[in-house]
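Chains as they are written, first to last, in the working numbering: chain A, 25 to 449; chain B, 400 to 499.
In case anyone wonders, no lab produced these hints; they're calculated from the structure.
Hints should not be assumed to be uniformly reliable.
[Said to hold, decoys possible] Quick look at which bits of chain A chain B covers, simulated, 3 or more residues with Cβ under 8 Å:
hint	segment
1	114-126
2	181-193
3	199-212
4	287-294
5	336-343
6	352-362
[As the list claims (entries may be wrong)] So, partial list: chain B residues that the calculated Cβ filter (under 8 Å) puts toward chain A:
hint	residue
7	Phe462
8	Phe463
9	Val472
10	Leu494
11	Met497
All C-beta atoms in this analysis are idealised placements derived from N, C-alpha and C, irrespective of residue type, glycine included.
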Amino acid sequence: MTEVSLFILVGAISIVAAAMMLLSENAVHSALFLILTMGCIAFMFLLLDAAFLFLVQIVVYAGAIMVLFLFVIMLLGAERVGATPQTRFRWMTPAATGLSLAFLAVIALALAQGQIDRQPVPPSQPLLRAAHFAPDVGPVDVYANGELLAEGLSYGSATRFVTLPPGEYNVALFAAGTQDALLAGAVTLEAGQTGTIIAYPDGTGTALTIIPDDVSTVPERSARLLLFNAYPDAPAVDLVDLGSELAAAPPRVLEAGIPLGGLAPARILPENTDLSTWAFTEADRPAAVLFRLNTPIFDVKRDTTKLLVLARRSAEDAQAFTLPLVSAAQPAFGSPVAVGQLLFTDYMLPMQMVGVLLLVAMIGAIVLTHQPGERRLTRQERRRRVSRPLTSVIAAQTGRDVTKADSNGGSAVELPDTVEEPAGR
Amino acid sequence: MVPTDAYVMLSMVLFTLGAMGVLLRRNAILVFMSVELMLNAANLALVAFARRWGGLDGHLFVFFVITVAAAEVAVGLALIVAIFRNKRSINIDELSQMRG
């Protein structure tokens, strides 16, 4: 409810300020009313989850552009220019008013007909990636419905997320570069879903599963942690906080009994959480530590989703090993990060073009306002202007007029030879 | 949550006020400021639609509109200063020497 009342209040202020901008006689007042209108529009941006544009609107529009306007108005002394009642185009006022009202009526009709808020929002396309954690199989090529998803995917690595249209997919793994199908399985992708296809050892062979991965926006200054168990040599594993040895804190089970091929529910951690005391242990046996998360790669960076996969080190080595698959969580809608990501990927070329346009505008403004200065003086003219009678120079420096007769005998001032000329005249 | 219709209607009212300013005011600087108001109103509609459809492309368009408006203001005000130097007036009714 507060949002609606704020909208009504600020909207009313912006309309009144815009009308006052039109009606005020003084151009400076008009500029100030326009700044108020732009501030109200910036506030609307804030209501519409456009935090980045709010900042840009305040800084660029209400700041830079309007300062330029005020500066030019003051420079030209044009506060009251054009305020005189118009003599020509008398028919313009009623015509413009009528056309404006007609335009507003058409828009209102279109909005009433269109019912924008009733239209369904098209769901986003699903995202999919493949991860290879089956130690018995070498590098693989991953195909989805016959289309190559990843080539030469080696053990312990994952592809990037790819966008696929929703539907049924027949995912097949081939040994890299060959036509031998190792494994195949059907997955269903629904709109808006994010998933990771994981190949993992299921004790007897290799299995293929799709886990719902989550890269949606996380709360501020936090990260999401997902755990997947692909370690075949223990029945199930626990995630345990072993506690500090100094503080003698008892081990604390954070996630109990993750089965092979199982995904633990996502946990949200504040950024820079210390994971060095955390470890994977065999289920219900905190002493049987499989892997400790005490290396720097298990840091917790904000706005990320980290999928920790517990797996065998290799086909021969049965030691447990944990691999983090880090992906950026989607930045919050309208945040500077989200706008910047789009700006530096999809909109790189328009941004460069806008940069060139600004440069051209800058040069244009200089060229338009440049006045050809006075002709530069030749050397002779300059000299003529500089040369003054030497007597006047001396008079200026010593404070006495040397052209008069030297009245008080010997002067303290050493006078040049030429000064004696008037005395002898 | 405020419906998108309300934002679009507000933006259209501001746009109309800006258009009336362009048509009715005689001071070239005021005409310019009215154009800025129209651009701002269009920006508001773009951001409202961007929130409605959950895409960020509208925000990017607004960003580009703001940049282009900055370039346009720089050149436009330079033109106004140059014209004022020559004619000692920025009344747009007096600037009619270019008609055919």
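Taking the hints in turn, this is what the structure says about them:
1. With 5 residues having a beta carbon nearer than 8 Å to a beta carbon of chain B, the segment 114-126 of chain A meets the requirement of three or more and the stated coverage holds.
2. For a cut-off of 8 Å, the count of residues in the segment 181-193 of chain A with a CB near a CB of chain B stands at 0, and the three-residue condition is violated.
3. Beta-carbon proximity to chain B at under 8 Å applies to 0 residues in the segment 199-212 of chain A; the threshold of 3 is not reached and the given coverage is violated.
4. A stretch counts as covered by a chain when three or more of its residues have a beta carbon under 8 Å from one of that chain; for the segment 287-294 of chain A and chain B the count is 0, and the coverage is violated.
5. Given as covered by chain B, the segment 336-343 of chain A fails the check, having 0 residues with a CB less than 8 Å from a CB of that chain where 3 are the minimum.
6. A count of 3 residues in the segment 352-362 of chain A with a Cβ less than 8 Å from any Cβ of chain B is obtained; the coverage claim is therefore met, three being the minimum.
7. Satisfaction of the interface hint for Phe462 (chain B) is found here, the shortest Cβ-Cβ separation to chain A being roughly 7 Å, below the 8 Å cut-off.
8. With its C-beta approaching chain A no nearer than about 6 Å, Phe463 (chain B) sits inside the 8 Å limit, and its interface hint holds.
9. Interface restraint check for Val472 (chain B): the shortest CB-CB distance to chain A comes to about 5 Å, inside 8 Å, so the restraint holds.
10. Against a cut-off of 8 Å between C-beta atoms, the interface hint on Leu494 (chain B) is violated, since the closest Cβ of chain A lies about 11 Å away.
11. Taken as an interface hint, Met497 (chain B) does not check out: its beta carbon lies about 16 Å from the nearest beta carbon of chain A, beyond 8 Å.
Violated hints, in rising order: 2, 3, 4, 5, 10 and 11; the structure is consistent with all others.
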